[in-house]
Amino acid sequence: MQYIDRLQVRKRINFRLRLNSILKYVFLGATLSGLVVLAILLIRTVSQGFAWIDWNFITGHLSMDPEKAGIMGAILGTFWLMLVVVFFTLFLGMGAAIYLELYAKKGRIHSLIQTNIANLAGVPSIVYGILGLTVFVRLMDFGSTVLAGGLTLSLLVLPIVIVSSQEALRAVPQTLGEASYGLGASKWQTIKSIILPTALPSILTGSILALSRAIGETAPLVVLGIPALLIPFPGGFMDRFTALPMQIYYWTLDAALVEEYANLAAASIIILLLMLFILNSIAIYIRNKFQHRF
Amino acid sequence: MAVQTQLYAVPAIEKKESKNKNEVEKESIFETKSLNLWYGETQALKNIDLKIPEKSITAIIGPSGCGKSTFIKTLNRMVELIPSVQTKGDIHYKGSNILSKDYSAEALRTDVGMVFQKPNPFPKSIYDNVAYGPRIHGIKKKSILDDIVEKSLKDAFIWDEVKDRLKENAFGLSGGQQQRLCIARCLAIEPEVILMDEPTSALDPISTTKVEELIQSLKKQYSIVIVTHNMQQAARISDQTAFFLNGEVVEFGKTDELFTEPKDSRTMDYINGRFG
Amino acid sequence: MTTKNVSVNTANLSTKQLMNEKKSAASIKNVFEKMVPAVLFLFAAVSVLTTIAILYTLITEAIHFFQRVSFTEFFTSTNLKPLSQNPSFGLLPLLSGTLLSTIIAMVVAGPIGLMAAIYLSEYASDRVRKLLKPMLELLAGIPTIVYGFFAFTFVTPLLRSIWPEIELTNILSPGLVMGIMIIPMVASLSEDAMNSVPNTMREGAYGLGATKLETAIKVVIPAAISGIVASFVLAISRAIGETMIVTIASGSTKNFSFDVTESMQTMTAYIVEVSSGDAAAGTTVYYSIYAVALTLFTMTFLMNLLAKKIARRFREEY
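Chains as they are written, first to last, in full-length UniProt numbering: chain A, 1 to 294; chain B, 1 to 276; chain C, 1 to 318.
Pulled out of the complex, with its shape left as it was, chain A reads as follows (with noise of 0.2 Å):
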């Protein structure tokens, strides 16, 4: 009893395996698709903006002439907020992750902190913002200064900080640290002196890459209602301030008034990318070299 007919099988045959390959080239076309999006948002910003980069730009202070107006405002306040976001993300996250990671019992508290910050990983930041609104700016009277900005956005990224500090604590071999507690060592000691200076390549990774995020974010910037104005540089963590993503939110916004100002978002978002750009090779750079492999 024969169900199948090798012929028509065979005939098939043909038929399906140009299917196949006919859509292993659209899916590798999907898949390259957001690529050449990619590769078009990038020339077309770098062309719009490029010519706008030059030294008064990048130094000078606002104006609302586009000729005349420069970032550093911008940049500077940048920096500020990383100083800001690195110093508490840096200490809590990693504070947090040695607690899950090496100390805390394996229950009831353990899971419902990982699960929160597993679910605080999925909130979006424009209601970081509005905790930072509440707390920082009117609450506790900040106002919209660098230390405000920065303990919004060290919050919104402190979830990243302790997942990958975590990730990176977990993938230190036991065999370390069982031969240091051999030895009499204590577990502080321990820690302190075999397992974090093994996994700080990685959890240094993880943090650069946090406060890359970090620094691109706007959504909680405008809700504390960070200004794009001429003000003096800031100076200190008190001190009222503008970001570089702020600055491209209000030229691009503003765009529609004075048409260079798109120019000015556009060079900004260079010296944005740019900016990203390193930190991110920062953090490649120090994954392949200081990175052990077990």
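The hints are all genuine.
Under the rule of at most 25 Å between Cα atoms (straight-line distance), these lysine to any residue pairs were calculated in the SDA-like manner:
| hint | chain 1 | residue 1 | chain 2 | residue 2 |
| --- | --- | --- | --- | --- |
| 1 | B | Lys-263 | B | Asp-49 |
| 2 | B | Lys-141 | B | Asp-155 |
| 3 | A | Lys-24 | C | Thr-200 |
| 4 | B | Lys-124 | B | Gly-138 |
| 5 | B | Lys-167 | C | Pro-198 |
| 6 | C | Lys-29 | A | Ser-180 |
| 7 | A | Lys-105 | C | Val-36 |
| 8 | A | Lys-68 | A | Arg-44 |
| 9 | A | Lys-187 | A | Leu-176 |
| 10 | B | Lys-141 | A | Arg-12 |
| 11 | B | Lys-142 | C | Ile-221 |
| 12 | B | Lys-151 | B | Gly-172 |
If we take Cβ atoms under 8 Å as the criterion, some of the chain B residues that face chain A in the derived model are:
| hint | residue |
| --- | --- |
| 13 | Ser-104 |
| 14 | Glu-106 |
| 15 | Ala-107 |
| 16 | Thr-110 |
| 17 | Pro-134 |
| 18 | His-137 |
| 19 | Gly-138 |
| 20 | Ile-139 |
| 21 | Ile-144 |
| 22 | Asp-147 |
| 23 | Ile-148 |
| 24 | Ile-189 |
| 25 | Glu-190 |
It should be emphasised that the hints constitute simulated quantities derived from the structure, not laboratory data. Just so it is clear, CB atoms sit at the ideal spot from N, CA and C, and this is done for glycine as well.
Starting from the structure of chain A, add chains B and C where the hints point.
Relative to chain A, chains B and C alone:
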């Protein structure tokens, strides 16, 4: 595009009739000629010359890492799925070289079915598992599919156990049942050859017995090549046996002869349990 | 072992004695050892505090809002005129904007992301995958403000040259750009799911003569379906919460409509507009952003929870 059309070319079906005229030994279904295979730098198969007769059971034995699994996967070109595999030499199946570029692996695999080491049903119903093959080969009619599913499950000795729950997920079956289902799935595409890669290694003794009985009943219709590391199994069910060692065929002959009076001392050592 | 110890003690002292001597100083150390986990626990607790703070602020301020505006009005009115003489606070216009931009984004990111996942997990060689995946993830690393700029200054003019009826700010353009932005999310999570389908299952299909396409569509995707659905749900949640692209490119018209060519405001864009405006604390307008934010938070939270549930079921299967 010209190259692609080449790729899809499938040996003409008329070759079947012309078989008798060819010098290929009448009853051999596979014939390998100085078959060599490398995984990257390591050579896994060395100059294999084997004639595998049709409508019988050929067992392939040998210690682990001897290339027996690699060999059987070369017969339906599953080995190609591993990156960095290179082959040299010929495998003739019904007169055409299946290793040649213009032989479609998909066409080959509809003729040469395979049963794997671990039962690997799809996460679908029992019915859909068996119907999967016929469906991809273009059979859509429900009544025909029903017949194929019933016949295949009956031929695989599992019909009575599953006939009332064809719509249930195949994962609910026991390991032995799953393996017989996988055999049924393979029978549904009506292959000429069934390759079995240690099909009972993951099963308990009772299931193993059932599958062995099944394999014996299948040899009337199908040519079967079975890899096993269980020498008793080879002795029980096969008609001829090939002993592989370090990627080479040490000895190939009738199963009774190979097990009772092996010609090679290494075969003797192996079947007496001196290594492996 | 400091040099100080060595200099004080004579040469006869063994290492052992030296170590014992140091132990006398160990009691302070013991206290320290016990304090470390307590301090670190406080660090870890910051994340829990953050959640509590978010919930507390959103809920208490939203309560102020609902004391002035009824639940029914907020959730059923199609009118949103926060600054008019006779203000009304209907959420539906914002909801329609959010819904529409999310649907457009998913129409782009769903199929393209899934196809990319199929390519990466079923077709690409290891080398190609290792090259393409990080490149694709670059897309996710671009700040959203840059996408907003791109949508407003490039995609919208492009769309208007093809389809002149489109308004200067519209929901279509940011939706499309948002879709591009979340492709990597769908692609990489779906690919993870497809990758964790055991290879033996693929072998089973190939062994029956199935092509890669048939194996992917009829075996791998059905086997990985819960992981794939979870990735879609997460992407939707991401699109709902996305702010800058829509704020810049879709304007601030509070429009209950499903016309993609029109300007429309999303929930996130409304929060931006009100909070960066001059709404004085204590006014109904000011409290309204908390009600909107609470809705937004609840929606994304439920989506994330759902995604996790679905994904967990997937892990249980294998």
